[in-house]
Amino acid sequence: SQQGEEDPQALSIQEGENATMNCSYKTSINNLQWYRQNSGRGLVHLILIRSNEREKHSGRLRVTLDTSKKSSSLLITASRAADTASYFCATPQEYGNKLVFGAGTILRVKS
Amino acid sequence: NAGVTQTPKFRVLKTGQSMTLLCAQDMNHAYMYWYRQDPGMGLRLIHYSVGEGTTAKGEVPDGYNVSRLKKQNFLLGLESAAPSQTSVYFCASSPGTGRSPLHFGNGTRLTVT
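Going down the list, the protein sequences come from chains G and X. Position one of the first sequence corresponds to residue 1 (my numbering), numbered consecutively onward. Position one of the second sequence corresponds to residue 112 (my numbering), numbered consecutively onward.
Some hints could be false.
[Unchecked claim] Computed footprint of chain G on chain X, listed as stretches where at least three residues anywhere in the stretch have a Cβ under 8 Å from a Cβ of chain G:
1) 160 to 174
2) 212 to 220
[Said to hold, decoys possible] Pair by pair, the computed Cβ-Cβ distance ranges are:
3) X:G127 x G:K69: 24 to 30 Å
4) X:S191 x G:S51: 41 to 47 Å
5) X:D149 x G:S28: 24 to 30 Å
Hints are computed from structural coordinates only; laboratory data are not their basis. Just so it is clear, CB atoms sit at the ideal spot from N, CA and C, and this is done for glycine as well.
Start from the sequences, fold in the hints, and give me the full structure.
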């Protein structure tokens with residue numbers, strides 16, 4: 001069963017706009033990770049946020065985590081055509097031995 | 112460093128045939144994983160390994176077997192391929208438990224006819 005579920009399933013925006021993707025999960029976690037997948041490629045790790053952190057930044061990426069609501073969001077600011085990809089959240093299970101992924105959000109940035 | 116390398120990149124099998132997918136990593140990672148990715152389903156864990164000589168089942172292990180004889184290699188076998196196993200298969204590795212990010216290969220696209 002999938003731990004994380006992303007919302008929306010697909011998002012289309014203009015270059016320069018901000019993109020926000022949300023992730024909800026079911027069980028308690030000690031961290032949550034976000035990954036990007038370009039078409040035809042493997043996933044690439046973007047950012048990890050620990051359960052005791054509420055917000056984390058990396059370049060144009062901002063991730064928030066609300067453990068009381070069991071949800072996280074990924075904000076990409078000033079989007080570029082190169083940001084077009086699928087984005088996945090992932091959470092550890094079984095004492096961290098397994099990482100479980102959501103179904104992903106497909107982001108299209110139009111130039 | 113090559114990172115995580117998967118071979119082959121593409122394969123077409125007939126129902127009932129067998130094959131082995133090879134994953135190799137050169138980062139000395141302890142943990143390795145096999146996922147399958149289907150449209151609208153995200154990634155689902157097939158099997159994983161927390162060290163040389165050890166393997167464990169994931170969410171969807173039926174129809175697959177794995178072996179981790181060497182730390183750097185993780186093999187995924189299909190003994191009798193079925194059309195339901197048509198998918199893109201990804202291998203990943205990580206240094207340790209769920210606090211470490213996963214490093215992915217670029218996938219093997221398998222079609223079973």
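Results for each hint:
no.	hint	result
1	160 to 174	holds (count 4)
2	212 to 220	holds (count 7)
3	X:G127 x G:K69: 24 to 30 Å	violated, 48 Å
4	X:S191 x G:S51: 41 to 47 Å	holds, 43 Å
5	X:D149 x G:S28: 24 to 30 Å	holds, 28 Å
The earlier numbered hint that this structure contradicts is number 3, and it is the only one.
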